[in-house]
Amino acid sequence: MIPTSWFLILGAILFSLGVLGVLTRRNGITIFMSIELMVNAVNLTFIAYARELGSLHGLMWVFFIMAVAAAEAAVGLAIFIALYRHRETIDVDEANLMHW
Amino acid sequence: MTWADLLFLLPEIVLSIGGCLLLLAPVIGGRNNGVAAKWSMLLLLVATAAAIYVAAGAGIPSLALGTLFVADPFAVFFKLLFVVVIAMITLLSAEFLEDGRYSAWEYYSLMAFALCGMMFMASGTHLISIYVGLELLSLASYILAGYYKNETRSTEAAMKYFVLGATSSGILLYGMSLIYGACGSLHLEAISQAVATMAGNQALIIGVMLLGAGLCFKVAAVPFHVWTPDVYTGAPTPVTAFLSTASKVAAFAIFARIFYMGLHSLEPDWNSIIATVAALSMIVGNLAAVTQTNVKRMLAYSSIAHAGYALLGVLAMSEIGLQGVLIYMLVYAFANIGTWAMVMLLRRREYAGENVDDFDGLHKSAPLYAFAMVVFLLSLGGIPPTAGFIGKYYLFAAAISAGYAWLAVIAVLMSAVSMFYYFRLVVAMYLKDGAAADVIPSRQVRFIVIVCLIATLTLGILPERMIRGAARSIAPIVNLASR
Numbered sequence: 001m002i003p004t005s006w007f008l009i010l011g012a013i014l015f016s017l018g019v020l021g022v023l024t025r026r027n028g029i030t031i032f033m034s035i036e037l038m039v040n041a042v043n044l045t046f047i048a049y050a051r052e053l054g055s056l057h058g059l060m061w062v063f064f065i066m067a068v069a070a071a072e073a074a075v076g077l078a079i080f081i082a083l084y085r086h087r088e089t090i091d092v093d094e095a096n097l098m099h100w
Numbered sequence: 001m002t003w004a005d006l007l008f009l010l011p012e013i014v015l016s017i018g019g020c021l022l023l024l025a026p027v028i029g030g031r032n033n034g035v036a037a038k039w040s041m042l043l044l045l046v047a048t049a050a051a052i053y054v055a056a057g058a059g060i061p062s063l064a065l066g067t068l069f070v071a072d073p074f075a076v077f078f079k080l081l082f083v084v085v086i087a088m089i090t091l092l093s094a095e096f097l098e099d100g101r102y103s104a105w106e107y108y109s110l111m112a113f114a115l116c117g118m119m120f121m122a123s124g125t126h127l128i129s130i131y132v133g134l135e136l137l138s139l140a141s142y143i144l145a146g147y148y149k150n151e152t153r154s155t156e157a158a159m160k161y162f163v164l165g166a167t168s169s170g171i172l173l174y175g176m177s178l179i180y181g182a183c184g185s186l187h188l189e190a191i192s193q194a195v196a197t198m199a200g201n202q203a204l205i206i207g208v209m210l211l212g213a214g215l216c217f218k219v220a221a222v223p224f225h226v227w228t229p230d231v232y233t234g235a236p237t238p239v240t241a242f243l244s245t246a247s248k249v250a251a252f253a254i255f256a257r258i259f260y261m262g263l264h265s266l267e268p269d270w271n272s273i274i275a276t277v278a279a280l281s282m283i284v285g286n287l288a289a290v291t292q293t294n295v296k297r298m299l300a301y302s303s304i305a306h307a308g309y310a311l312l313g314v315l316a317m318s319e320i321g322l323q324g325v326l327i328y329m330l331v332y333a334f335a336n337i338g339t340w341a342m343v344m345l346l347r348r349r350e351y352a353g354e355n356v357d358d359f360d361g362l363h364k365s366a367p368l369y370a371f372a373m374v375v376f377l378l379s380l381g382g383i384p385p386t387a388g389f390i391g392k393y394y395l396f397a398a399a400i401s402a403g404y405a406w407l408a409v410i411a412v413l414m415s416a417v418s419m420f421y422y423f424r425l426v427v428a429m430y431l432k433d434g435a436a437a438d439v440i441p442s443r444q445v446r447f448i449v450i451v452c453l454i455a456t457l458t459l460g461i462l463p464e465r466m467i468r469g470a471a472r473s474i475a476p477i478v479n480l481a482s483r
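Protein chains in written order, with the numbering used here: chain A, 1 to 100; chain B, 1 to 483.
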């Protein structure tokens, strides 16, 4: 059987890649994909721990997280579409109306 | 799941059904009617308040949904505060919804769902109920921040809020997953028992740090504050009032509950980090506010600083500290909503009321409102006899008695700095003439200003009831923490 730590390390790598993507990418959709990657890394971590602990709680979490992520996708994509109507682009660096 | 469960969940049930009905109302009625929507929302809030009383009187042990949810006095305090705040914001919002350019029913429905989320946060005793409540609040807030969908500024604010908010909840979740791995459960009591026996566990410490980072984002503490000025400036002003009071108060409710109930035995590991965050929030928030000329932006930075003050109470881990957090949230909510109502009162079709200059000569055209603004600013600055003084007194006393005298010194110094930029508005109102500022003839916004004025003065001069109420509300949590 594959040891739990491997899954945890994979989860950590995926999570870091997600954070890196959010920090470096400038396209709104790519940023959103990176956020989803972070959330899925969390799911993987929960499942790995649930298997190790032999408890169902972690698996339940994953269902909740998937439902929330779907709602988040609906809201997020709607916001990007609204922004595109104003700007004709969803490059987040172009969103610079407010500066001090 | 029993009938008693349903009784404890009554306020949330009322709100969820009410929110759905508000959403369906235009389908049934067929019209975008701002006035009807406003009264429906107020009616829903009255029903919710009644439900809170019923649930609070339903007896002990007030647990529902297994043990995921508790209707204890701590939750009731916050829920009642949320209902009052949302009622005030409903009246403030009516002004821009009644002219029919934006859908009023959907707006209030989102507000109702956000309120439902906040109530789950206040009552959650398991990280999953807290997380789902938090997301319900956040998702509604992202949409509300972009509600001026014809204004590029508002849409940009929504986008920034969404990207940073979704990232922060990802970080929060990763923290929770590590805590789950370390403790084997995400119930706050189980976490507190597990934490007591496992000091120095790496996964646990990283998990708590990530969880803390996510919470600091929600309360807008430095270094997770960058979204605040932009979102507060771009969002419609009533929504800004909502984000800077209701949403922040809800975040502090879970901050306090998680740390006092779940992680109190972890104290030495995390409180130096929280102390740094509090100090940075006070310093950065206040110093950045000094340079602002836009009132909304200035108040945004000031709200970052206020998060720093309130963190002192979370940090202190004592009865007086928790009591301070509750009192501070109450007085901050009234003073802050009053200030935002004043900004709205000066707004005409354009964006007047957003620049410090727009307040020029206000005391001549509207002396009562100029005086109200002074009271709100004094309360935010913590000067007696306003309510803000009582709140700051408790927080600073808690910091000193917990051994953080240096933080209390920073807090006092930074309060002095904050008086400097608050008084720029006072100078504009009383000493400058300019094109005499005028107030819009909106009865509901004026009403809110007066309500906040009376509340701020009354709570400042006769604080006994508030202090006793806060003391009663924290009893269940403090008993748990001292066990």
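These aren't lab readings, by the way, just hints derived from the structure by calculation.
Owing to the predicted nature of the structure, the values given are computational and were not obtained by experimental measurement.
Among these hints, one or two may not hold up.
[As the list claims (entries may be wrong)] Just a few of them, taken from the derived set where beta-carbon distance is under 7 Å, the chain A residues facing chain B: (1) M38; (2) L77; (3) I81; (4) A82; (5) A95.
Beta carbons: idealized from backbone N, C-alpha and C, even for Gly.
These are the hints, each one checked on the structure:
1. M38: holds (4 Å)
2. L77: violated (10 Å)
3. I81: Violated - the Cβ of A:I81 stays beyond 7 Å from chain B, reaching only about 10 Å at its closest.
4. A82: holds (5 Å)
5. A95: holds (4 Å)
Figure legend: structure checked against the earlier numbered hints; hints not met, in rising order: 2, 3.
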